[in-house]
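Asks: The primary structure of each chain is shown beneath.
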Amino acid sequence: MKILVCIKQVPDMESRFKPGAGGTWYDESDLAWRMNEYDEFAVEQAVQLREQLGEGSELTVLSIGPDRVGEAIKKALAMGCDRGVHIQDNAAAMKDPWQIAAIIAAYAKDKGYDLIFTGMQSQDRGSALVGVTVAEELGYACATTLVGFAYADGSVTGKRELEGGIKGVVKLATPALVTCQLGLNVPRYPTLPNIMKAKKKDIQAIPVAELLKEEPLAATVSFHPPAKKGGGIVLEGEVGALVDQLMGILKEKTAVLR
Amino acid sequence: MKTLLIGEYREGKLLDSTYELLGFAQQLEAQSAMLVVGSESQLPAYGGTLYLADAASCGEYNPDLHKQLILDAIEKENPDYVVFIHSSYGWDLAPRVAARLKVAQVSEVIGLTDGGFEVGCCNAKMRRTVKPATGKAVITIQAGAFAAIQPGGTPSVQKITASVTSNVSFAGYEPAEAKDVDLTRAEVIVTAGRGIGKKENVEVIAALAKALGGELGASRPVVDAGWVEHSHQVGTTGQTVSPKLYIACGVSGAIQHLAGMKKSDFIVAINKDKDAPIGEVADVLVVADILQFVPALTAKL
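Here the protein sequences line up with chains D and U, keeping their order. The opening residue of the first sequence carries number 3 in the working numbering; numbering runs sequentially from there. The opening residue of the second sequence carries number 20 in the working numbering; numbering runs sequentially from there.
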């Protein structure tokens, strides 16, 4: 069985973001990078499936971006993926989700993957488009937002997270693509021996121009901080004084404290 | 300008969020037709054209079949925008429709600006303005971002049906876990967010909730980490609340959390990060270390 997991490297979300030179995305300097959190759940589930299937199965991790994404690929290899594919693109952040999906679909088209895993969305762009679009392009069955996954005899049983804590149970025949949500599993930490083993694993580099033939379908025209709502009070200073100030406000503005 | 609005139906009921689609169309000053895979027994209160497929035969979740129904209606209506709620239904289905039409999709729109669509990014810390480069586009709107309107009237129903084979089958719903606390009735909620640091610190937050005679709430990461039971979760995948006082401790303010609590009468956020998105909805933002501030506040009550 052939399995593919697609990951993205994103900045730490605790970072302060400011517009870059073009004004349409963030300035990348001084950011710490990590694997997209939703993709960690995808990698963990793919590795668990790889372990369940054992010999005769193969798990490939794919990422698109500049050289730095090699670090995310190495982490996935250390978690248990067999081999890596790095689609080299210094301008990946300027591509729209349609183009990113087209790159992945062009790569996967003739490889015969039985199952593809992705995160449900990236933490930075958050469009939740790439996984489903890849499935559509490849003609794969697809289910999104999985918080439960089981595979047996060519069929996936997934639990989709719906609103208000309800779950929807779906069955998919392979080939299939699933997108993974928080709560699906607990991603493992790579152990030192596995980090050492990962260094010997193959990472294939492919220039993006070999795969991308599509023009963007949408354009980001501005990247900016949210407009401040205004009116909200900001309290700063020494803790004792802050407590008194807040209690004063609560007594005045709410019926909770008297 | 014309929109085709895709309403939602779950477990035999039309969802209220369907009316937010009408609010969006109104803000866009667009004509609208609607499509629902639902039932004649529950029609939206709206006087326009309604393409109605029968949920009993089409299934409430059958992405391939629903996609075909929508593509057929698009052919009849020729809308500029096909609009979904950014929900588990919308974000699953909308990209399928966009990919088949090979048109732009803009996800989780929160506002309209300068002919573009405003969307959140970077965990709600930043915004992007996106413009489709295609004649048609598929849009999903953030739940709660556009006011719901019920224009009233009875729709002109056009029954539709489709038949496709699908490799995805729906095997039913699993109910939410039993709730040991009903946050929707609480007058005061004190919520623990990821910023509290570790499980042991939940007690500090719970003590403040108790001192105020309120309930303990939790954000999603805190529940996923196993620090607090799911029944305490506030947000789109937890409970939607509107207490008299909501105190968010170490909650960054992810969109899904804000959607669940922003109707609270009075909102206090306690956070070390002055720029956290929770500050956008807070009446008072206390910039402080939670582990110093919260026990001091509790002691004074």
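Please note that a few of the clues may not be correct.
[Said to hold, decoys possible] For lysine-lysine, the following DSS-like pairs were computed, each having C-alpha atoms within a straight-line distance of at most 25 Å:
no., chain 1, residue 1, chain 2, residue 2
1, D, K253, U, K293
2, D, K20, U, K291
3, U, K150, D, K215
4, D, K20, U, K150
[As the list claims (entries may be wrong)] Below, a sample of chain U positions facing chain D; criterion: calculated Cβ distance under 7 Å:
no., residue
5, C141
6, V176
7, D302
No lab work stands behind these hints: they were computed from the structure. Don't be surprised by glycine CBs; every beta carbon is placed ideally from N, CA and C.
Asks: Confirm or reject each hint.
Replies: Hints and how they fare:
Distance hint between K253 of chain D and K293 of chain U is fulfilled; the C-alpha atoms sit about 24 Å from each other, no more than 25 Å. Pair hint K20 of chain D plus K291 of chain U holds up; C-alpha atoms about 19 Å apart against a cutoff of 25 Å. A C-alpha spacing of about 21 Å is found between K150 of chain U and K215 of chain D, which places the hinted pair at or below 25 Å, so the restraint holds. Restraint check for K20 of chain D and K150 of chain U: satisfied, since their Cα atoms lie roughly 21 Å apart, inside the 25 Å limit.
For C141 of chain U, the interface hint holds, since its Cβ comes within 7 Å of a Cβ in chain D; the closest pair sits about 5 Å apart. The beta carbon of V176 of chain U comes no nearer than 27 Å to any beta carbon in chain D, farther than 7 Å, and the hint placing it at the interface is violated. Given hint, D302 of chain U at the interface with chain D, holds; its Cβ is 6 Å from that chain's nearest Cβ, closer than 7 Å.
In terms of the numbered hints stated before, the structure departs from hint 6 and from no other.
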